[in-house]
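Trainee: Listed below, chain by chain, are the residues.
Protein chains: 2
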Amino acid sequence: MIEPRILKGFRDFLPSAEIERRVLLEKVEKSFRSFGFVPIDTPALEYAEILLGKGGGETEKQIYRFTDNGGRDVALRFDLTVPFARFLAEHRGELSLPFKRYHIAKVWRGENTQRGRYREFTQCDFDIVGSDTAAADFEILLMIRHTLKSIDAGDVTIRLNHRGLFNRFLGRIGVSDKSAEILRTVDKIAKIGREATLEQLEALTGAEKARSILDYIRPRDSFEETLAAITAAAGGPCAESERLALIRRFMADTGCADSFTLDPSITRGLDYYTGVVYETFLNELPAIGSVCSGGRYDDLAGLYSKEKLSGVGSSIGLDRLIAALESLGRLKGETRYAQVAVACIREADGGLAQALGQKLREAGITCEVFPDEKKLTQQYIVAEKKGIPWMIIPSDGGSGSLTLRNLIKRENREGLALDGVIAALLEGEK
Amino acid sequence: MIEPRILKGFRDFLPSAEIERRVLLEKVEKSFRSFGFVPIDTPALEYAEILLGKGGGETEKQIYRFTDNGGRDVALRFDLTVPFARFLAEHRGELSLPFKRYHIAKVWRGENTQRGRYREFTQCDFDIVGSDTAAADFEILLMIRHTLKSIDAGDVTIRLNHRGLFNRFLGRIGVSDKSAEILRTVDKIAKIGREATLEQLEALTGAEKARSILDYIRPRDSFEETLAAITAAAGGPCAESERLALIRRFMADTGCADSFTLDPSITRGLDYYTGVVYETFLNELPAIGSVCSGGRYDDLAGLYSKEKLSGVGSSIGLDRLIAALESLGRLKGETRYAQVAVACIREADGGLAQALGQKLREAGITCEVFPDEKKLTQQYIVAEKKGIPWMIIPSDGGSGSLTLRNLIKRENREGLALDGVIAALLEGEK
Numbered sequence: 001m002i003e004p005r006i007l008k009g010f011r012d013f014l015p016s017a018e019i020e021r022r023v024l025l026e027k028v029e030k031s032f033r034s035f036g037f038v039p040i041d042t043p044a045l046e047y048a049e050i051l052l053g054k055g056g057g058e059t060e061k062q063i064y065r066f067t068d069n070g071g072r073d074v075a076l077r078f079d080l081t082v083p084f085a086r087f088l089a090e091h092r093g094e095l096s097l098p099f100k101r102y103h104i105a106k107v108w109r110g111e112n113t114q115r116g117r118y119r120e121f122t123q124c125d126f127d128i129v130g131s132d133t134a135a136a137d138f139e140i141l142l143m144i145r146h147t148l149k150s151i152d153a154g155d156v157t158i159r160l161n162h163r164g165l166f167n168r169f170l171g172r173i174g175v176s177d178k179s180a181e182i183l184r185t186v187d188k189i190a191k192i193g194r195e196a197t198l199e200q201l202e203a204l205t206g207a208e209k210a211r212s213i214l215d216y217i218r219p220r221d222s223f224e225e226t227l228a229a230i231t232a233a234a235g236g237p238c239a240e241s242e243r244l245a246l247i248r249r250f251m252a253d254t255g256c257a258d259s260f261t262l263d264p265s266i267t268r269g270l271d272y273y274t275g276v277v278y279e280t281f282l283n284e285l286p287a288i289g290s291v292c293s294g295g296r297y298d299d300l301a302g303l304y305s306k307e308k309l310s311g312v313g314s315s316i317g318l319d320r321l322i323a324a325l326e327s328l329g330r331l332k333g334e335t336r337y338a339q340v341a342v343a344c345i346r347e348a349d350g351g352l353a354q355a356l357g358q359k360l361r362e363a364g365i366t367c368e369v370f371p372d373e374k375k376l377t378q379q380y381i382v383a384e385k386k387g388i389p390w391m392i393i394p395s396d397g398g399s400g401s402l403t404l405r406n407l408i409k410r411e412n413r414e415g416l417a418l419d420g421v422i423a424a425l426l427e428g429e430k
Numbered sequence: 001m002i003e004p005r006i007l008k009g010f011r012d013f014l015p016s017a018e019i020e021r022r023v024l025l026e027k028v029e030k031s032f033r034s035f036g037f038v039p040i041d042t043p044a045l046e047y048a049e050i051l052l053g054k055g056g057g058e059t060e061k062q063i064y065r066f067t068d069n070g071g072r073d074v075a076l077r078f079d080l081t082v083p084f085a086r087f088l089a090e091h092r093g094e095l096s097l098p099f100k101r102y103h104i105a106k107v108w109r110g111e112n113t114q115r116g117r118y119r120e121f122t123q124c125d126f127d128i129v130g131s132d133t134a135a136a137d138f139e140i141l142l143m144i145r146h147t148l149k150s151i152d153a154g155d156v157t158i159r160l161n162h163r164g165l166f167n168r169f170l171g172r173i174g175v176s177d178k179s180a181e182i183l184r185t186v187d188k189i190a191k192i193g194r195e196a197t198l199e200q201l202e203a204l205t206g207a208e209k210a211r212s213i214l215d216y217i218r219p220r221d222s223f224e225e226t227l228a229a230i231t232a233a234a235g236g237p238c239a240e241s242e243r244l245a246l247i248r249r250f251m252a253d254t255g256c257a258d259s260f261t262l263d264p265s266i267t268r269g270l271d272y273y274t275g276v277v278y279e280t281f282l283n284e285l286p287a288i289g290s291v292c293s294g295g296r297y298d299d300l301a302g303l304y305s306k307e308k309l310s311g312v313g314s315s316i317g318l319d320r321l322i323a324a325l326e327s328l329g330r331l332k333g334e335t336r337y338a339q340v341a342v343a344c345i346r347e348a349d350g351g352l353a354q355a356l357g358q359k360l361r362e363a364g365i366t367c368e369v370f371p372d373e374k375k376l377t378q379q380y381i382v383a384e385k386k387g388i389p390w391m392i393i394p395s396d397g398g399s400g401s402l403t404l405r406n407l408i409k410r411e412n413r414e415g416l417a418l419d420g421v422i423a424a425l426l427e428g429e430k
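Going line by line, the protein sequences match chains A and B.
Numbering-wise, the first sequence is residues 1 to 430 according to my numbering.
Numbering-wise, the second sequence is residues 1 to 430 according to my numbering.
Just so you know, nobody snuck in bad clues.
Which copy is meant is left open, because identical chains are indistinguishable; a pair holds if it fits in one copy or across any two.
Derived lysine-lysine pairs resembling DSSO-like cross-links, with alpha carbons at most 27 Å apart: (1) K27 x K332; (2) K61 x K8; (3) K149 x K332; (4) K374 x K308; (5) K359 x K27; (6) K106 x K149; (7) K30 x K332; (8) K149 x K30; (9) K409 x K375; (10) K27 x K106; (11) K332 x K385; (12) K188 x K178; (13) K375 x K308; (14) K8 x K306; (15) K188 x K209; (16) K191 x K209; (17) K8 x K106; (18) K385 x K308; (19) K61 x K106.
What the hints contain is simulated information worked out from the structure, not anything from laboratory work.
Values in this document were obtained by computation on a predicted structure and should not be read as measured data.
Using the sequences and the hints given, assemble the complete structure.
Mentor: Below is the structure:
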């Protein structure tokens, strides 16, 4: 006998957990679709060369990479962004720009599981490609807010910044050559604190410039004041500051300015972003960290194509979001789809029980027909364990009158015709 | 620059193909749920030992197997049945029997792609575990029929057989020891023809017994006549023949007997089946082969558990089904979710356009807001390419009256208020 076990960092989803995920993902997809976004899918397995691109220390260590039976160097995707870049280059001629797509799928990373991370997890990415406009930037921000509201995550604060403006400022103080390291250092300020950040910046740029960077990333009292301060620090009005001002106006036009702050310390560590960047926090549970982050990149498919494609997008971390909703008590705890179970009185009447089931389904009622002739009390217990609230007990094998049992209140209504049962069930679901 | 390409046998799904798959899968899931089935999920990657079990020539050659960074011998799942068996053994204490589950997920096989096979494909499995009853057997058959009707696949013929009865017959003629080879040979009769089958059977059992096997698998004029003939050949009434008779009665009780035939030549090659087995053919396109097959196994989780769990289930081959629906012209060819596009007249009015979009979404209308200030005719072309049937052209940046353009008829209605636009769109969707 083989011991039944799964790999560390991987998970089985039992029905209650899987239904929860589906309820959530269906709402997320509904939100994406309401903005006209369309889904795509790409292979789980790709050429390692495609996924690793320029290569990168962390990615290379974490990726599941192997040689297949045909001698190809292949790997499991570790995110949905790199396959999307390859997809764009490969199918450019078949797509109409601006292309607004979403992709919900599993990705794999051989991460250290001690930090509570999983090695297989679901990402929900959404991007607009081919429109370098404030309208596209803003639409992604609006979608984040709309989507999180639609899953009952409460009010959110989206912290916004512009990497291009930050880079202008760094150019002005003469440290453009260290831009990537500076942005990565600033990105960690929430984790490592102001002092440690200052120390690291000093090592990179010297004391005076480090202090001026720390001053740059300090949020002021309002979006407008912060924008004025960083615009001045970056050398005055420019395309990047105008972009932020326009996005700010769009927030006011749509009545959702309260959900946004301008936070110059947000940089996102990944180095492909070139425009706006943002992180999203739940007002009721900010400590859990950003549940949805992203930004604009001006040449996403550059590794695979000569055509420059500008894109802006975001990614929802499903596991973190579910953990947050659970802490907030916002998960409904659905464990079943069946509204009612049909009891089995005599196995030979299984056909009549299924005929009853068919009529219920035609009336829009989901039902589970029990196949085993067991004591009624045992059947009640199974239905209760499955979370099914009602049970129909047929008489005369299904041709006679019906008893409807409320399994929560443990009350029976006897002598009903099918119409009466259907009416009671439709009423009970309200 | 890296050439953008994907692995042979793997596929990208562009929005039109992906939407088609989702429309179909949503109907399939709705059907499964209407019978009270619940979803589960398991890891894509498992210990190779778990997936290979007893080992098996074909599987071993086709499986994607490698050593991970932690030195573990792992593999990608090649079906959903083996992970389900492991799942049952591992979570037995958390499940209420009978357990009715479905699982829709990708699987990977390094098959020969020359035969038009894919190396990554989606399976839709549904099973009832823990009820060895005619009612459970029949429910799976009814679900196959219900699900295929729900996706507009037309009338179906489900060919049913009972491997237990076949084995009784083989015992009676004294060839039980060759049962597995005989069943596998018979399984190929539709492919290799009667003559070649007879030859192979003769090599296994000698001429006389081969002829008697060929006579056993010959369907008679009706379910009843076939059942009488194979029951007699197997030595008279027994539990297996009674099971078939009861299933037959259930078909009549639910008014769906027309969809079923008893076909003693159906054996399913896989050797874990022990009870009923079946294959499903579309009446309008039988040549495409079975689109949904399955059967009963009396000890599915036996490799991983001492507890005997009897199960009955089935699997839909999504790719074959989509190919069939395409040939039959039953695919709707949906390429978008947006019902309407909002044109961009001035980029600076992007916020007002999004505010309009919000009001449409609140009215239940999905809409795509165009972010780029381009000539209207260009925007019409993009919307048409995306398959969006309507466009709203705002005046005064969105605060004034609206023009609604029917992109199919190329007609404009001018001077509308938002209410008028919403009414026209809701009317237009009918």
